[in-house]
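All chains, full assembly: derive it from the sequences and hints.
The listed protein sequences correspond, in order, to chains A and B.
Every letter in the first sequence is one number past the one before it in our numbering, and letter 311, counting from 1, is 311.
Every letter in the second sequence is one number past the one before it in our numbering, and letter 100, counting from 1, is 100.
No wet-lab data here; the hints were simulated from the structure.
Incorrect hints may appear among the rest.
[Claimed, not checked] Some chain A residues flagged as far from chain B (calculated, every beta-carbon gap over 12 Å): (1) A48; (2) R64; (3) L65; (4) E68; (5) G75; (6) Q77; (7) R115; (8) R157; (9) L158; (10) A210; (11) V215; (12) R237; (13) Y249; (14) R253; (15) R299.
[As the list claims (entries may be wrong)] Reference listing, derived: stretches of chain B covered by chain A, where coverage requires no fewer than 3 residues with Cβ under 8 Å from a Cβ of chain A: (16) 101 to 108; (17) 119 to 133.
Even for Gly, the Cβ is constructed at its ideal location relative to N, Cα and C.
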Amino acid sequence: MRERENAAKWTGRHFIDSLDLSPPEYESLFNLANQIKKDPSKYSSRCAGKLMATLFYEPSTRTRLSFEAAMLRLGGQVLSVSDVATSSVAKGESLADTIRTVGGYADLIVMRHPREGAARLAALYAPVPLINGGDGAREHPTQTLTDLFTIETFKNRLEDLTVAFCGDLRYGRTVHSLIKALARRSKIRFVLISPEELRLPDSIKNDVVASGSGVEIRESVDMENGLRECDVLYMTRIQKERFFNEEDYIKLRDTYILTPEKMKLAKKDAIVMHPLPRVTEISQEVDTDERAIYFQQARLGMVIRMALILRLLEET
Amino acid sequence: MLTVDPITKGIVLDHIRAGNGIKIFERLGLREVEYPVALVMNVPSNKMGRKDIIKISDTLALDLTLLGLLDPDITVSYIDEGKVTEKVKIGLPERVEGLIECKNPRCISSYERHGQSVFILVDRKTKEYQCFYCGERVRV
Numbered sequence: 001m002r003e004r005e006n007a008a009k010w011t012g013r014h015f016i017d018s019l020d021l022s023p024p025e026y027e028s029l030f031n032l033a034n035q036i037k038k039d040p041s042k043y044s045s046r047c048a049g050k051l052m053a054t055l056f057y058e059p060s061t062r063t064r065l066s067f068e069a070a071m072l073r074l075g076g077q078v079l080s081v082s083d084v085a086t087s088s089v090a091k092g093e094s095l096a097d098t099i100r101t102v103g104g105y106a107d108l109i110v111m112r113h114p115r116e117g118a119a120r121l122a123a124l125y126a127p128v129p130l131i132n133g134g135d136g137a138r139e140h141p142t143q144t145l146t147d148l149f150t151i152e153t154f155k156n157r158l159e160d161l162t163v164a165f166c167g168d169l170r171y172g173r174t175v176h177s178l179i180k181a182l183a184r185r186s187k188i189r190f191v192l193i194s195p196e197e198l199r200l201p202d203s204i205k206n207d208v209v210a211s212g213s214g215v216e217i218r219e220s221v222d223m224e225n226g227l228r229e230c231d232v233l234y235m236t237r238i239q240k241e242r243f244f245n246e247e248d249y250i251k252l253r254d255t256y257i258l259t260p261e262k263m264k265l266a267k268k269d270a271i272v273m274h275p276l277p278r279v280t281e282i283s284q285e286v287d288t289d290e291r292a293i294y295f296q297q298a299r300l301g302m303v304i305r306m307a308l309i310l311r312l313l314e315e316t
Numbered sequence: 001m002l003t004v005d006p007i008t009k010g011i012v013l014d015h016i017r018a019g020n021g022i023k024i025f026e027r028l029g030l031r032e033v034e035y036p037v038a039l040v041m042n043v044p045s046n047k048m049g050r051k052d053i054i055k056i057s058d059t060l061a062l063d064l065t066l067l068g069l070l071d072p073d074i075t076v077s078y079i080d081e082g083k084v085t086e087k088v089k090i091g092l093p094e095r096v097e098g099l100i101e102c103k104n105p106r107c108i109s110s111y112e113r114h115g116q117s118v119f120i121l122v123d124r125k126t127k128e129y130q131c132f133y134c135g136e137r138v139r140v
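Below is the structure:
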């Protein structure tokens with residue numbers, strides 16, 4: 001009965017924005033993901049006969065593989081177009097038409113697109129559930145799902161946390177999504193560490209403040225300052241593809257590098273997260289520090305995506 | 001005092017902010033029509049000090065969303081047989097399609113053929129709208 005009630009709540013839904021799910025819905029996915037972790041064989045054919053299409057208008061290895069691995073581990077199958085931009089788009093097909101066509105073939109669509117708001121537009125035309133795999137600098141909700149699940153797994157709570165974000169806070173969509181989702185929890189303190197040019201957009205800051213959740217926000221250009229107090233350090237890459245001008249990118253790319261020396265400043269029970277891929281912002285020597293959990297985070301990302309796929313597809 | 005005869009059938013746009021009348025007149029394409037139209041400017045008003053009024057002696061389909069964006073304080077009166085049959089205070093529209101261009105160069109609406117711009121009113125006081133797709137905010 002409980003399973004059926006859950007299915008009724010999820011059927012026909014899309015996942016476009018990290019705020020599309022309520023905190024209890026996040027908890028329900030965490031619970032399912034933990035069950036999958038405990039007994040994966042129980043879920044290995046739950047999506048048998050279902051087909052997931054991945055449409056990536058922008059290069060991605062990690063997110064696409066994570067989704068595909070998740071679907072295959074559930075016994076489903078995958079239709080994959082790794083570079084849509086050179087196929088249907090080159091022939092002038094609109095996004096709406098592509099989505100309607102692919103929605104006729106598959107039971108679920110995962111899409112990444114370089115334009116902001118593309119997933120929201122696609123969802124208007126999608127005849128099957130659509131998951132946003134990232135739209136420009138705006139949203140990356142399944143990374144948020146991964147990040148929240150990782151924090152919950154390692155810190156056993158999503159409240160009363162000091163979370164430091166470091167790097168590209170202007171264009172980093174994973175940062176935007178996670179900040180908005182965490183701001184709904186109580187006793188959250190953000191330390192925003194970035195160069196002046198890559199500060200968090202005011203619109204997001206205003207939304208967080210306006211949400212009335214009592215979140216504390218402190219901005220700093222100094223990495224060491226935030227390191228001392230944080231429970232979670234969320235590092236990000238300065239993304240070359242978000243710059244119109246290469247000179248600006250080169251000037252900023254090595255602003256923050258996390259080293260073993262800097263890690264000495266961090267709390268003993270802090271965790272270091274990164275949405276990956278990492279370039280130079282975390283030195284490889286940090287990988288052996290047990291507080292560096294970014295590869296475990298990637299693994300948890302696949303498990304929580306299994307939970308999401310299962311919920312969106314069950315009983316459809 | 002300048003007077004304009006009452007109309008027996010048509011539409012009266014009243015309480016137009018003084019100076020806005022000519023803009024609305026042009027946006028509604030009233031220069032091109034063949035039926036009688038009057039634009040009266042700087043009419044003394046107790047409430048507004050001065051106001052503009054447009055009288056149209058025909059029943060054309062007005063785009064109330066566009067009017068609301070241009071001047072939310074306008075009152076539209078529909079006249080038939082010399083009597084007001086309906087009076088509408090427009091206000092700011094909740095949803096605006098295809099009239100506001102998203103200024104975010106990365107927004108899907110400026111790129112996709114099916115992506116007609118859609119803006120949702122988020123703050124009536126500051127007249128702030130938000131792009132349905134990318135979340136960019138704009139004040140009208």
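Tell me the numbers of any earlier hints that the structure contravenes, in ascending order. Numbers 7, 10 - these are the hints that the structure violates, sorted from lowest upward.
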